[in-house]
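Undergrad: Following the hints, position chain B against chain A.
Number of protein chains: 2
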Amino acid sequence: MLGLICELAEYEKLGHEVVATESDLHAALFCEKPVAECIIAELDNAVIGFALFFHNFSTFVGKPGLYLEDLYVKPEFRGKGYGKKMLAHLANLAVQRGCGRFEWAVLDWNAPAIRFYQSLGAQMMETWKINRLTGEALLRLAAEAGD
Amino acid sequence: MLGLICELAEYEKLGHEVVATESDLHAALFCEKPVAECIIAELDNAVIGFALFFHNFSTFVGKPGLYLEDLYVKPEFRGKGYGKKMLAHLANLAVQRGCGRFEWAVLDWNAPAIRFYQSLGAQMMETWKINRLTGEALLRLAAEAGD
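As given, the protein sequences belong to chains A and B, one line each in that order. Numbering-wise (the working numbering), the first sequence opens with residue 147 and increments by one. Numbering-wise (the working numbering), the second sequence opens with residue 147 and increments by one.
By construction, these hints were calculated from the structure, which means they are not laboratory data. Treat the hints with care, as some may be off.
The list cannot tell twin chains apart, which means a pair is met if one copy fits it or any two copies do.
Claimed, not checked - Straight-line alpha carbon distances no greater than 27 Å define the calculated DSSO-like cross-link-like pairs of lysine-lysine that follow:
no., residue 1, residue 2
1, Lys275, Lys226
2, Lys179, Lys226
3, Lys159, Lys275
4, Lys159, Lys230
5, Lys220, Lys231
Excised from the complex, chain A in its bound form (with noise of 0.2 Å):
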């Protein structure tokens, strides 16, 4: 799992972001219980990609969704349709458990991906932008924390 994560993390320029170890994906993913859940493509019990995801939550819906973080197809197996079954397996899981929502992220620059999940039927949600805290300005900001 850790290889397929640096191939995409190659992929979309932040390889050099990849601090991961297997001991940190075994603690999350293995455990009594798991922050999140992965699936692993495989064809002619070769591993072809994966899917990790987590359950997110919509206050205004009231009903978890269903949260991709990664999808990865190894790219000799680009373009024949295994990322849109694992697309699809993940929105059947979301139905099973009752979500109200399957969502994913995308880079801007990304446009087949783009092109792909529109023709899917999914909305961008231009208006929304992340933000993110982390390192020292995260330490900082929980040392303020009172009691």
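TA: Just chain B now, with coordinates in the frame of chain A:
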């Protein structure tokens, strides 16, 4: 809580999107495996705001993150540092729980909020856009799932 969610939705000009019921919130937050958690801010025994959050997961970091879905302070109590107190409490929770990131979304027209988040050292993830599949489109994709 539902009252506060409706007030927040009105402020975000999204009042029409609230379909959550009290029993939805009860089912999601007060069950054996809650999908989300909530803090309520009180002043002199009166409720003045709330924050709802859950854990997400970064494959690159290999660690869970804390994702703040909603933060709301009633209008008459704004500008007094209560929102920041809640954010600091959550940042501290994130650090205590070993999270690598603390994230939340902001509407791109909400300039005062954006300025405030930047003063905390938050990074705006400009290149990422959220895709959302819901309603009929979600059911349509789900129906394509194989075994």
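Undergrad: Hints the structure violates: just list their numbers, smallest first.
TA: The structure conflicts with hint 2 only, although it agrees with all the remaining ones.
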